[in-house]
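This is what each chain is made of:
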Amino acid sequence: MVSDLFPMTARQAQTTRRGKVLVGPVDLRLDGGGVAMVIGPNGAGKTTLLHLLHGTARLTSGTIEWACPLEAARNQQSFVFQRPVMLRRTVLENIAYPLRIRGHQRADAYEQARDWADRVGLGAMIDRSALVLSGGEQQKLAIARALITRPRLVFLDEPCASLDGAATREIEQVLQDTREAGTALVMSTHDMGQARRLADRVVFLLHGRVHEEAAANTFFEAPVTTQAAAFLRGDIVE
Amino acid sequence: MGDLWSGLLQAFWLVITFDPELVEIAGRSLRITLTALVIASLIALPLAALLAVRRFRWRRTVIALMNALMGLPPVVVGLVVYVLLSRSGPFGVMGLLFTPTAMIIAQVIIIVPLIASIAHQSLRELWTEYHDLLISINVTQGQKIRTLLWDARRALLTATLAGFGRAIGEVGAIMIVGGNIDHATRVLTTAIALETGRGDFALALGLGFVLIALAVTVNLAIHWLGRTEREGRW
Amino acid sequence: MKQLMTLLLGALVAISLSGKAQAADVMRMAVTTSFHNSGLADILLPQIAEDLDLDVQLLVVGTGQALRLGRAGDVDAILVHSRAAEEAFVAEGFGTHRREIMYNDFVFVGPDTDPAGLREASSAADALARIAAAEPAFVSRGDDSGTHKKELSLWAEAGQDAASFGRWYNAVGAGMGAALNTAAGLNAYVLSDRASWLNFGNKADLALVFAGDPVLFNQYAYLPVNPAKHAHVKHDLALKLEGWLTSDTAKGLINGYTIGGETLFVFNATPEG
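Chains as they are written, first to last, in my numbering: chain W, 1 to 238; chain U, 1 to 234; chain S, 1 to 273.
Keep in mind the hints are simulated off the structure, nothing from the lab.
In this text, all values refer to a predicted model and were calculated from it rather than measured experimentally.
Hints may contain errors.
[To be verified] Selected chain U positions facing chain W (Cβ under 10 Å, derived; list incomplete):
1) Glu129
2) Tyr130
3) Leu133
4) Ser136
5) Ile137
6) Thr140
7) Gln141
8) Leu149
9) Trp150
10) Asp151
11) Ala152
12) Arg154
13) Leu157
14) Thr158
15) Asn219
16) Ile222
[What the hints assert, rightly or not] The calculated label-pair distances, taken between Cβ atoms and stated as ranges, are:
17) S/Gly243 x U/Phe91: 51 to 57 Å
18) W/Leu70 x U/Val62: 27 to 33 Å
19) W/Asp200 x U/Ala64: 48 to 54 Å
20) W/Arg128 x U/Ile222: 22 to 28 Å
21) S/Ala85 x U/Ala68: 51 to 57 Å
22) U/Glu125 x W/Glu71: 25 to 31 Å
23) S/Asn268 x U/Trp5: 41 to 47 Å
24) S/Ala207 x U/Ile212: 32 to 38 Å
25) W/Asp177 x U/His223: 42 to 48 Å
We put the CB at the ideal spot given by N, CA and C, even for glycine.
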């Protein structure tokens, strides 16, 4: 059952709002494992693409198919937002929340949450209000909360966008550990250094479409399209 | 000015001597209003949460209606409840007119829109904040509502207290449906109206001060409960 | 602080739970504000509870509303003072019968300076004629109560039409107490029952300026609501109460009730009337 999620196949997937195409049509395949990095200039539709694949943006045409029924697929995924959503609860209650929603007993959920808090380095502040944490701590909390249900796939939308170097390093370490544990990551980033450090595959998005998709090494060393090459040079791409 | 002083003095004596009639009337005020408050909250809070999270066709209309009903004139509510509960009215056989139950019904009708409206404001705000996460976790409608109600509990307490304030100080409706019967349906506000009618301003003012003190005490007590909880957990 | 708040909460809970023991039987009677303001009820009700083990719950309203309550079957009996309306009530079958219990009287209250000269009036009609001529501020109940109806009939007897009066005539549409409060505020003339006036606490510059004309006598009558119209009314209790109200015990209490040394009511029930 657990291995049922992949492959995911998106065919001509598209989302529109008020007649305007936000993303798509997109053809994309995820086979599980590794880090798929979505990059591209501002407004290319990175965030929307992640939401579309996750199922929280409306698919207006095309198909997105998982190896299992959609409801089961949703339960094997989680999402980390660029600006983390903090429940007005303690750190521990925040991390335990998805388990409580899935019907775990309080003691069991808190036990696991404590474990995850330790893993992301929040073990000392589990009884603090989540609202008083720093940006980096909040993002680590969000990642722990996303991982506690042991998903097979995690979407991360620019998780380090507003964090300093130290926090970014800690979070990348957590993500590396997660990847090595066999969880697939689909993340977006602005930070080309981060993309080089973490990516196994790169999806270069432009104007809502997949402009180029390749293994990370290939992409960074020999981009095929002129726009991708320009983007990597740091030019403004329109 | 003299009336104010003797009113204060009278209130002081009534409280100090634990005047049995005052205790009875104040107790009835509290009992009726707190009962109405519990019932109204059980209706208004889930309704407010539902209106915050659920999109349905008449949602905007219901919200607009709810906000409008906040200003419902109590006297009209009283009159309508009176007509409904009168022996000659549709619910007459239940024999509820001029009982505390009738007063509770009237108060519930008056404060449900108020509590729901204030609660809806803060729940909607919280929902915008939580929306992405809860949708992503794929929670059910019931879990959504429970999460919002629990996490907004302090704001909801404020909404409830507003309802309490309106209910305990209300006189028009409960005078009509309760009848201000001594030892049965007389509460602080109707007693004040009665004493004013008798021209005994000092006693009326005294009762008024007791009413204010009671409302303030309940507010403080509930706020204090909310704060200890916060200190304990946060 | 914590102990104090706990104590406070405890006291609140205790207060809100304290109930009061009720007598075995309970019935409801609508009475007029003027009767209730007299304070006589506070003398009679405890004695009734003791003698009959009957808890009489009073709904204090104007005569008009009292009659409506009876018509709707929301009370078991009414005690009012507006003869024509009472007789209509019985004739329409809403009450079984009408039993006279006692009377008191109406008085004219007005500014102590008495600008309209009511103290020299020879009769109630003369008093009203003086008011209509001088047009001082006058407060009318204006609430369809027994007192209001009495006032209107007095104007009619004096050959005046209250509907045609100018701004000096203030129909307040409120109970006796509220009307007296308004009169005190405006320093105006007002027709009041003697009991309400004597018991009124906010006399300000007002004084009793005319009384004594027999036309001002105010007959109270007791009317049990007809069980044929409303099967749920407690007719047996209403009859039990009637028996007590016309008894010698009641006679003693009613005739003996005074405020500031003044007798207010005269018992005039006839045995088995």
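Structure-based check of each hint:
Contact between glutamate 129 of chain U and chain W, as hinted, is supported at the beta carbon level, the nearest pair being about 7 Å apart and thus within 10 Å. The beta carbon of tyrosine 130 of chain U comes within 6 Å of a beta carbon in chain W, closer than 10 Å, and the hint placing it at the interface holds. The criterion of a C-beta within 10 Å of any C-beta in chain W is met by leucine 133 of chain U, whose closest approach is roughly 4 Å, and the hint holds. Given hint, serine 136 of chain U at the interface with chain W, holds; its Cβ is 4 Å from that chain's nearest Cβ, closer than 10 Å.
A hinted interface residue such as isoleucine 137 of chain U counts as satisfied when its beta carbon comes closer than 10 Å to some beta carbon of chain W; here the least separation is about 5 Å, so the hint holds. At a threshold of 10 Å, the smallest CB-CB gap from threonine 140 of chain U to chain W is about 8 Å, leaving the interface hint in force. For the restraint placing glutamine 141 of chain U at the interface with chain W, the shortest Cβ-Cβ distance is roughly 12 Å, beyond the 10 Å limit, so the hint is violated. Because the beta carbon of leucine 149 of chain U sits about 12 Å from the nearest beta carbon in chain W, more than 10 Å, this interface hint is broken.
For tryptophan 150 of chain U, the suggested interface contact is upheld, since its CB lies about 9 Å from the closest CB of chain W, less than 10 Å. Because the closest C-beta pair between aspartate 151 of chain U and chain W is about 5 Å apart, less than 10 Å, the hint holds. Residue-level restraint check for alanine 152 of chain U holds (minimum Cβ-Cβ distance to chain W is 8 Å; threshold 10 Å). Residue-level restraint check for arginine 154 of chain U holds (minimum Cβ-Cβ distance to chain W is 9 Å; threshold 10 Å).
Given hint, leucine 157 of chain U at the interface with chain W, is violated; its Cβ is 14 Å from that chain's nearest Cβ, farther than 10 Å. Interface restraint check: threonine 158 of chain U against chain W, minimum CB-CB distance 15 Å, threshold 10 Å, status violated. Checking asparagine 219 of chain U against chain W by beta carbon gives a least distance of about 23 Å; that is not within 10 Å, so the hint is violated. Nearest Cβ of chain W to the Cβ of isoleucine 222 of chain U: about 19 Å, over the 10 Å cut. The hint is violated.
For glycine 243 of chain S paired with phenylalanine 91 of chain U, a C-beta distance near 33 Å fails the hint of 51 to 57 Å. Between leucine 70 of chain W and valine 62 of chain U the Cβ separation comes to about 31 Å, which falls inside the hinted range of 27 to 33 Å. At roughly 53 Å, the beta-carbon separation of aspartate 200 of chain W and alanine 64 of chain U lies within the given 48 to 54 Å, and the hint holds. The hinted range of 22 to 28 Å is satisfied by arginine 128 of chain W and isoleucine 222 of chain U, whose Cβ atoms lie roughly 26 Å apart.
A hinted range of 51 to 57 Å is violated for the C-beta pair alanine 85 of chain S and alanine 68 of chain U, which are about 40 Å apart. Restraint check, glutamate 125 of chain U to glutamate 71 of chain W: a C-beta distance of roughly 30 Å satisfies the suggested window 25 to 31 Å. Between asparagine 268 of chain S and tryptophan 5 of chain U the beta carbons are some 44 Å apart, a value that agrees with the proposed interval 41 to 47 Å. Our hint of 32 to 38 Å for alanine 207 of chain S and isoleucine 212 of chain U holds, since their Cβ atoms are close to 35 Å apart.
A C-beta distance of roughly 45 Å is found between aspartate 177 of chain W and histidine 223 of chain U, which places it inside the suggested range of 42 to 48 Å.
When the structure is compared with the earlier hints, violations turn up for hints 7, 8, 13, 14, 15, 16, 17 and 21 and for no others.
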